[in-house]
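Model the placement of chain B on the given structure of chain A, informed by the hints.
2 protein chains.
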Amino acid sequence: MKLEQITLPIKEDLERVEEVISERLKSDVPFITTVTHYITENGGKRVRPAILLLAARMAGYSGPSAIECAAAIEFCHTATLLHDDVIDKASLRRGRPSTNARWGNHASVLIGDFFYCRASEMFANSDNLKVIQLITKAMRETTEGETLEITKSNDLCITEEEYLKILHAKTAILIATAAEMGGLLGNVSEEFVRSLKEYGTSLGLAFQLADDVLDYISDEETFGKTRGIDLREGKLTLPIITALKQADPQETRMLKDALISEKLEESKLKEIISLIQKLNGIDYTLNLAQHYIAKAKGSLAVFKNSIEKEALLNLADYVICREK
Amino acid sequence: MKLEQITLPIKEDLERVEEVISERLKSDVPFITTVTHYITENGGKRVRPAILLLAARMAGYSGPSAIECAAAIEFCHTATLLHDDVIDKASLRRGRPSTNARWGNHASVLIGDFFYCRASEMFANSDNLKVIQLITKAMRETTEGETLEITKSNDLCITEEEYLKILHAKTAILIATAAEMGGLLGNVSEEFVRSLKEYGTSLGLAFQLADDVLDYISDEETFGKTRGIDLREGKLTLPIITALKQADPQETRMLKDALISEKLEESKLKEIISLIQKLNGIDYTLNLAQHYIAKAKGSLAVFKNSIEKEALLNLADYVICREK
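Note that the protein sequences, when read in sequence, are chains A and B.
Under our numbering, think of the first position of the first sequence as 42, with each following residue one higher.
Under our numbering, think of the first position of the second sequence as 42, with each following residue one higher.
One copy or any two copies: either way a pair holds, since identical chains are not told apart in the list.
In the EDC-like style, the derived pairs of lysine to aspartate or glutamate whose C-alpha atoms are separated by at most 16 Å in a straight line are:
(1) Lys178 x Asp69
(2) Lys86 x Asp252
(3) Lys193 x Asp69
(4) Lys206 x Asp69
Hint data in this document are derived by calculation from the structure and do not stem from the laboratory.
The shape of chain A in the complex, shown without the other chains:
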């Protein structure tokens, strides 16, 4: 199922989110308006806003704060992407020159700050202290996760547990926050809020694990993503962490050599991918992603059936379907 089909029940809300996004990015400083427009016109899947809107409706809330918070949580996500681009020295983002490649690091840093500051302002204006306390804690933890990731980026002995801890902090927490915030806006009981948070956490982990797998098996034409980028960048993700755990000494050396190499020939890349496949790295990661999807869906069991619940269940499947 395509994403637009899944989010059909909140189509109008998502359109209002786009309007709020465009409105809140206006600034008296023309450069800010130009750069933020460049970034947002290229879209993004708006997964976090969709989750927040669906969770809020499932929790019985459909007031204006959901639209504002949905736009703001997308800004938080965009802020982290902009700062990531400085850290990774990324030249491309969503198929176009990244902000730092086009305008320099100062633009990525300051426009990233602007996205986050504007988001903070929007959350503050929700007048909802629980919402504000939730998002500020989540953003601090996300930043800690990103920092942990860079300090572990060359640690070839990283364990699955450590890796999942990083995924949880840098990706899952913000997605969980989107779901939890919907519950807070609905002002429902702790049990329901916790279930939404668990849904988001599991979905977030599955989302990132599926991304890790996609990097190894994606078909460029279908997904617009080149194969082996993570490997070329020496990025340690679960497929290779799993493979390293199973590898004999000679295979371990091959994998480590590939991870520390400045350049990887196409033939070498294919060989390494085959090796990771042979050592069960890809299937293992895919199975774990599927496990989290099942867990995410299970978390919604406390809610009665509704079109919003149906959409959240379909969204969980979508995360895995992307790479089939």
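Using the frame of chain A, we list chain B on its own:
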């Protein structure tokens, strides 16, 4: 009068602020604890916390939120310094290698984010919506000011008005926020809150203008600051903006050549400084700073005499005395 003498009435509060600063910078990620410790052990004048604490007491408040907010506003300031260092490619900060020089841009970006996220969390936990709305707006405006500054950094036609607008946004707003927040914590009438904000705004402008002058006339041994750094970096500040306004065509060319040069010989630097002095750039800026100091002091007229008011008045003089 030395800063420690001025802030003597709040000595114990400032010590508690240091404790909170140290406590709130602890993280499960060891790298964050290391880098934030490196940054804060080197101090800083803690001008913003002092203003907040004095304003709060003058507004009749001495509860725990003032300490927490004072530490958090210092974190906001530190976050902007860290991101500035990435933008300016600064190698030194307060006489030691800057965070980006020592650990790389990624550290400055992420640790800057951590400082701001932690501050947001602390403000959120104040449970005071007015405080949260004040600081989030102020930080968004500060970011806009910094962005405006970089887009204007090569505009040799910048007017005094535009320059002051940048100073206001990038420096004065956060200092004004420190003062205003003290009033909000005291929950006093709008008239008093506004007066505190005006005090902080004028003080912030004077502070930055005095800094601009200091760069041209400082004695390295007394102030630990090399003369002419702004000029060497081609930074347009009010002394040179004023000089450009008064200069004849030949002098204009000399000033512009100096601003766009990759390297400036010591003899050339001295010549340019003399020219700026002759064209009244330094005295004019100093007079404007003094004007704002008088304005800052005048803003406090609505408050009865107290040791806190005395301290805020002395703090205003301190800003100017630095460069005498």
